[in-house]
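Protein chains: 2
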Amino acid sequence: MEGSPTEGRTVEVGGPHPYTVHVGAGLLSQIRVKERQVALMHAEDLPGEYVKEVEAGLQPVVTVRVPARDACKTLDVYANVLSHLAQVNLPRDGAVIGLGGGAVTDLAGFVAASYLRGVAFYTLPTTLLGMVDAAVGGKTGVNLPEGKNLVGAFWPPQAVWCDTDTLASLPPAVFREGAAEAFKHGLIVDPTLLTRVLDPEFRPGGALLESTLADAIAVKAAVVTRDLTEQGERAFLNFGHTLAHALEGVTHQGIAHGEAVGYGMHYAAILSCQMGGADLTGHTRKFLNWQQPTPLPALKFDEVTAYMNRDKKADSDGVRFVLLRDVAQPYLTRVPDDVLRRSFGEWLGQIQTR
Amino acid sequence: MEGSPTEGRTVEVGGPHPYTVHVGAGLLSQIRVKERQVALMHAEDLPGEYVKEVEAGLQPVVTVRVPARDACKTLDVYANVLSHLAQVNLPRDGAVIGLGGGAVTDLAGFVAASYLRGVAFYTLPTTLLGMVDAAVGGKTGVNLPEGKNLVGAFWPPQAVWCDTDTLASLPPAVFREGAAEAFKHGLIVDPTLLTRVLDPEFRPGGALLESTLADAIAVKAAVVTRDLTEQGERAFLNFGHTLAHALEGVTHQGIAHGEAVGYGMHYAAILSCQMGGADLTGHTRKFLNWQQPTPLPALKFDEVTAYMNRDKKADSDGVRFVLLRDVAQPYLTRVPDDVLRRSFGEWLGQIQTR
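First to last, the protein sequences are chains A and B.
Everything in the first sequence is counted per full-length UniProt numbering, starting at 1 for the first residue and increasing by one.
Everything in the second sequence is counted per full-length UniProt numbering, starting at 1 for the first residue and increasing by one.
Because the hints were derived from the structure by calculation, they are not lab data.
In this text the structure is predicted, and so the values were computed from the model without any measurement.
Cβ atoms here follow ideal geometry from the backbone N, Cα and C, with glycine treated the same way.
Don't take each hint at face value.
Reference listing, derived: stretches of chain A covered by chain B, where coverage requires no fewer than 3 residues with Cβ under 8 Å from a Cβ of chain B [unchecked claim]:
#, stretch
1, 86 to 96
2, 123 to 135
3, 151 to 162
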């Protein structure tokens, strides 16, 4: 039975509100929920047939279209969606369903978390990034003009369905973008992912898609099961993200998240080595070569570091970085300014010459 | 020692996130919290000396003034406050303090619940309504154009300080307004409150203020301790609120919440009797005579009932009312339309002739 990509796999997420992530082909039309009244949210650029498939099964009382990608992650769109739900009187025992990429499911989750102080929530991610990262862990939210994900809630879904068929409609660059988070799960927990993610069969319709995807999701599921609200090891999932968020900020979101994470992992690998860990820059360089991210504009350390200091993970004592002693040996540490600066120069030289 | 109003009292709220409500005179200047960086929010009409007292003790990194009363409970003000916190980089281990009436503390709580997906929250209610109702129970939120409290979160504070000195600066009508919730706690749980709330010594500076207030808070504390997210008995706290919310809606918030609750309790008492319970209308009529609420405009049943059906407590099967079999014997039930209509006529006749 094992290995057949059409059968589907499941990943269990534990904690006080356990739920199941379903991974497989052809799931969209099979989705059913126990709530009688549901609101469906999706981005306006989502293929219409996906919306129709879900609507046919779920019969939502309202379908709300929102702007695509991060344009939907604003408090204005949030307010607008809430008003839609209130206008159709979606009841407390109703549900909110987010269909689309990570931005839409993040917004949908925060809507579900706060409409009537919380209703049931389901996610149907349709991008690799959404499946590996956004759909598991219960983090929901929107951006502020001052920064990304500065407002939101921890609100786990009741269930997640990752329909692998939806990945085929996306440009290859968007698939490779999302692979950054799966590769990151290889670095921090499961070394087998380091080769599987770069395997030619890890692609839409590929023989390794479903199993690799399920195992990458399982890494995050295991971590958040043990640490729901990011008091401890969940922070390790932020490997590469401190610089990534700064790159997104300094380019005014001019770089896709997964590409920023690709760049950020390489910087974190350099820092890890500088701070006495194993040299894992071969892995992160290999990933960048595979991912082929959009080249970055000219960057100044002082500008980037200002954004790093504003990172949501910063506490009163400043920023802490997730570094690696070796593969699957993450730890959290502050890094001296001179090491940050020197490593930045090294990183910049390497990504520019890429 | 017991009975001395200057010593202060405490009420413990249990559940997964227990906290203490402090009730007493002169508390504002004594408040200290463990978080190093705090943001203080207060309504613009709050006496400046209250703000100064709190600022002197807490040294907030930012003090945010918001519009008074329900004008602050909008998603626009919410967005504005969040941006203020982001601009001063309030960290995850910081805290949000709400100082003022129930509207400000409701807003502050939702800000605390969602800024960086949740930071510590403290409330310093300065109105009787805020002390008895809004400050305990963890309900936070704002209004939508479509209705009151349609968006928010359950986010219990770390501690609540009710400085009884602040009640002296409010007009007597505002004190009597807030007494509705304390009286309601008498009807649903603690009959001794029915006489104590109407006692002339239950007033700012009065001998029965602190003890009655603490006991009224204790009723709510006990209920929410047993039922944090309103799955069961917490619904009983909504006695009188189904009509109250409809009256607020139909008058476009032209009536104060506590006065709406006063009217709503009388309607619920009539319904309770009609549905076979004891006749408690003597109590609710007595309360209305004491409270002297603003007279209501002309009301039509069909108009009011449309708002009742939109009540947040409605599920897919419609509205349920909290009624009383007798004092301290609340239950939840649907009420036939003809009983609702007939009772409305009775109620209207009695409150008009008041």
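Verification of the hints:
Coverage of a stretch by a chain is defined here by at least three residues with a beta carbon nearer than 8 Å to that chain's beta carbons; for the stretch 86 to 96 of chain A and chain B the count is 7, and the condition holds. Proximity of the stretch 123 to 135 of chain A to chain B, defined as three or more residues with a beta carbon under 8 Å from a beta carbon of that chain, is not established by the 0 residues found. Beta-carbon proximity to chain B at under 8 Å applies to 4 residues in the stretch 151 to 162 of chain A; the threshold of 3 is reached and the given coverage holds.
Of the numbered hints given earlier, the model fails hint 2 alone.
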